[in-house]
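**Student:** So the chains spell out like this:
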Amino acid sequence: NAGVTQTPKFRILKIGQSMTLQCTQDMNHNYMYWYRQDPGMGLKLIYYSVGAGITDKGEVPNGYNVSRSTTEDFPLRLELAAPSQTSVYFCASSYSTNEKLFFGSGTQLSVL
Amino acid sequence: RKEVEQDPGPFNVPEGATVAFNCTYSNSASQSFFWYRQDCRKEPKLLMSVYSSGNEDGRFTAQLNRASQYISLLIRDSKLSDSATYLCVVNYHNNDMRFGAGTRLTVKP
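So the sequence lines, in the order shown, correspond to chains G and C.
Going by my numbering, the residue at position 39 of the first sequence is 39; the numbering climbs one at a time, nothing skipped.
Going by my numbering, the residue at position 48 of the second sequence is 48; the numbering climbs one at a time, nothing skipped.
Since the hints were made in silico from the structure, they are not lab data.
There's no promise every hint is true.
[Claimed, not checked] Pairs of lysine-lysine residues, derived as DSS-like cross-links and limited to a Cα-Cα distance of at most 25 Å, are as follows:
| no. | chain 1 | residue 1 | chain 2 | residue 2 |
| --- | --- | --- | --- | --- |
| 1 | G | 100 | C | 42 |
| 2 | C | 2 | G | 9 |
| 3 | G | 44 | C | 42 |
| 4 | C | 79 | G | 44 |
What you are looking at is a predicted structure, and each value in this text was computed from that prediction instead of being measured.
Work out the full structure: start from the sequences and follow the hints.
**Tutor:** Right, here's the structure in full:
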C-alpha cells in the first residue's frame with residue numbers, strides 16, 4: 001500500500017527554471033492538497049482539488065500551477081522558479097475534510 | 001484575526017508535566033478540526049481529531065469551543081517522546097484545510 005508518493009525528494013533549481021513536482025495517491029481519495037513549509041513556519045496551502053478536473057487556489061498560489069486530470073495524480077508546476085520558492089513541499093490527500101490527511105514524504109526544493 | 005493561529009511557543013517542560021496548547025480560528029463556519037504532530041520537518045502525522053463534545057486518547061485531550069472559536073490540546077504526564085511540533089488544522093472554507101504555524105514542545109528529563 002503506497003499511500004501518497006511524491007517525487008523528487010530533493011531538487012536544486014536555478015532562478016527562472018521550471019519543474020513539476022509529482023504527487024500520486026492510490027487510495028482513491030477525491031481531495032488532494034499541495035502545501036509548502038518554510039523554516040520555522042507551519043504549512044501554507046498552495047492549491048487543492050476536490051476531484052478530477054477541479055482545482056482551487058489556497059493561501060499562496062502565486063507562481064504555481066496545478067492540474068488534476070485523474071483522481072490519482074495532482075502535479076504542481078513551477079514555471080519560473082524564484083528564490084522565494086525555496087521550501088519543503090508536501091502533497092496530501094484525504095477521503096473528505098472530516099477525515100485525516102495522508103501526506104507524502106515531502107520535496108526539499110532549493111532555488112539558487 | 002489570522003485564519004488559524006496558535007500559541008507561539010516554544011514550550012519547554014519537564015517530564016511528567018501537563019502542558020496545553022490553544023489554537024484560534026477565524027471562520028465560524030469551520031466544521032473540521034484536527035491536531036497533527038510533526039517531527040524534524042518530516043511529514044505531519046495525525047495526532048487526533050477534535051470533536052464537538054471533546055475527546056480523549058490516552059494522555060491527550062482535545063477540546064473545541066465554538067463560541068470562542070478555539071481548539072485546545074492537553075498533554076498529561078509528558079514524555080521525552082512527546083517533543084515535537086504540534087500543528088492545528090481547520091477547514092477554513094468548505095474544502096480547504098489550513099494549518100496553524102505550529103507550537104514547538106520540548107520535554108526535558
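**Student:** Could you check the structure against the hints above and give me the numbers of any it violates, in ascending order?
**Tutor:** Hint check: 2 and 4 fail, others pass.
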